[in-house]
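Below are the chains, spelled out letter by letter.
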Amino acid sequence: MWAFLLLALLFGGTSAAATLQDIDGNQHALPPSTGARATVVFFVTHDCPISNRYAPEIARICSEYSSRGVGCLMAYVDPTITAEEIREHRQSFGGTQPAVHDTGHELVGLAGATITPESAVFDGGGQLVYRGRVNNFYAALGTPRRQATEHDLRNALDEFLAGRPVSKPRTQAVGCFIPKWNVVQEGGSQ
Amino acid sequence: MKLSVTLGALAFATAFGTVPVCFGADALGGESVTFNAHIAPIVNQRCASCHRPGQAAPFSLLSYEDVAKRAQLIQAVTQTRYMPPWHAEPGHGAFKDERRMLDAEIELIAKWVDAGTPEGQGSPPEAPEFAAGWILGEPDLVISMEEPFTIPADGRDIYRNFAVRVPTTEDKWIRALEFRPQARTVVHHSLFKADPSGTARELDARDPEPGFRGMGGARIQGLVNLSGWAVGGNARVFPKDAPLRLPAGSDFIFQSHFHPSGKEETEISSVAFYFTDKPATRSRLGIALPPNFGTGAGINIAPGDSEFTIGESFTLPAPVELYGVTPHAHYIGKEFKSWAELPDGEAVPLIWIKDWDFAWQDMYIYEEPVVLPAGATIHARIRYDNSADNPRNPSNPPKRVFWGPGSEDEMGTISFSALAVNSDDESLIRRKLNLLRAKHLNQSRRFRQEMREIRASRER
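Listed in order, the protein sequences are those of chains A and B.
Going by my numbering, the first sequence opens with residue 4, and the numbers climb by one from there.
Going by my numbering, the second sequence opens with residue 74, and the numbers climb by one from there.
This is chain A alone, in the form it adopts within the complex (with noise of 0.2 Å):
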């Protein structure tokens, strides 16, 4: 399976000039087309605790989507922390999806993320179809809800998946404004 994704990944998707690599040293195109159904790209930062504490949720929904074209990326967006500092969160949040460091904040730019957790998901033509909080689980900053009542994420792709068009496919995610640090805004990378 990410064999094939690799493969998509390389060739597949469209023109687009534009590439990241990420941590582990593979390209992936700009926007991010993998060439299966559609792909999710999630905005986290490494320090958020909302966005910490999505980790098992997405890891539920990467795994739960793969096997219907749903490929995901994770977008880590605070430009300064280092390569080995992604990995290593990665690893301690058991993540297993495929890991960029957006620098540039070329990825944010594409998806018009402002906050993490955020996420995005783009159709095999590039094209972003929702953006917004994975679910409603945090009524705002610091008021989580016992459990999440509406799974705005999901239900796009569900939607999407369905040949349906997307419902909502804006919504308002809540948790750490992504951080700006414009040093660094030339990065690589690293």
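Calculated from the structure, these hints are not laboratory results.
Watch out, some of these pointers could steer you wrong.
Partner residues are not named here, just some residues of chain B that face chain A (Cβ under 8 Å, in silico) [stated by the list, open to error]: (1) 172; (2) 227; (3) 336; (4) 338.
From the derived model, a few chain B residues whose C-beta atoms are all more than 10 Å from chain A [stated by the list, open to error]: (5) 127; (6) 142; (7) 150; (8) 158; (9) 169; (10) 208; (11) 223; (12) 231; (13) 232; (14) 278; (15) 419; (16) 432; (17) 440; (18) 444; (19) 511.
Chain A side only, calculated, beta carbon under 7 Å to chain B, not exhaustive [what the hints assert, rightly or not]: (20) 50; (21) 59; (22) 62; (23) 145; (24) 146; (25) 149; (26) 182; (27) 184.
From the three backbone atoms N, C-alpha and C, an ideal C-beta is built for every residue, glycine too.
Given chain A's structure and the hints, the job is docking chain B onto it.
This is chain B only, laid out in the frame that chain A set:
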């Protein structure tokens, strides 16, 4: 020159806790707000005690980079007053360790963010030094949880009690306590109790996992309240002439709240005791309004009702000093308000929590004890929001809620820790408090019967 004047005024306002004047652009004399001159002092004073390595906060706020890259987040959370976390309203009791920013400080942060987070000339003031190890020095005794408790990566918040045997053979007098969590990212708060009855130890033994479940400890008779700790809190130091008695052979109970962090964590909490040889010359009075965690207050909240309120009042037969207050309710508790009505009719505000958050249980300690004369009446009101609009409502859709120990039940009390001004008056005050408790115990029997009837009629 103008800048130093501004900062001096800010320091003055801070030191005296007064409501500050707003610093508009005029007050800054047209000079821009910079990190080194304006923002670093605020962050050092208001944020750094938790936002530094090894503490509970998720990231450090010590350097320009730490702060500047999170400027938008810091602006947002200070404007909504989510941070620093402090849930009591200003002007309703002055409390120790108040984690509250002045309006002027919040405004300066906003101006700095709007200006593009400039660093400024020179260097920022030195970050404050924090004591390494125990804040109060070498403790007389440190005890720790007997088994580690594992907090899973995911799931609901966990409320759990842990009984720890205290190796003392005689009664001890506690002058101070200091709590130390191990897994700082997941330990949110811990309330401390002493249990001379052995009940907690039995409950702990009966539960196959470390510790035992339960929200409030109302099941255990004779629990001694020893204060507590919440994220951001410091050591607890008790009044000199009123150290807390730790009965010989007691078990210490950590009543702890954990929130999963996204990865598995293991906690072994510790507490340091500082004893004194001088026994209390005054003993602590618990003035809980309503008493018994509200069991006799008629809690019977219809689904959708956002105005349901309980209350109780107590007229002091003798003068007391209030030194701390602990509000308690579960998830749909919304608003707590207490004030004293003096014999001449003057009202003394004691505490007001507008938007109760069960996750922020705390004992609020008055900066200076509040002295109330004989004849003063303490009023307490607790409002609940059992509507679907309350995101903290554990039931979706809302259900009818009665008094009970479970997380979907409710309780309610505003509990004052008090001392009689004259120790001779203690028994007089206790007798009157016992009468109030007895009244509520009687009422609770009636309410329990009503609850059974309502539940039975719905099942038919």
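Against the structure, the hints:
no.	hint	verdict
1	172	violated (14 Å)
2	227	holds (4 Å)
3	336	holds (5 Å)
4	338	violated (10 Å)
5	127	holds (14 Å)
6	142	violated (4 Å)
7	150	violated (6 Å)
8	158	violated (8 Å)
9	169	holds (22 Å)
10	208	holds (25 Å)
11	223	holds (15 Å)
12	231	holds (12 Å)
13	232	holds (13 Å)
14	278	holds (29 Å)
15	419	holds (36 Å)
16	432	violated (8 Å)
17	440	holds (25 Å)
18	444	holds (35 Å)
19	511	holds (36 Å)
20	50	holds (4 Å)
21	59	holds (4 Å)
22	62	violated (9 Å)
23	145	holds (5 Å)
24	146	holds (5 Å)
25	149	holds (5 Å)
26	182	holds (4 Å)
27	184	holds (4 Å)
Comparing the model with each earlier hint shows violations of hints 1, 4, 6, 7, 8, 16 and 22; every other hint is respected.
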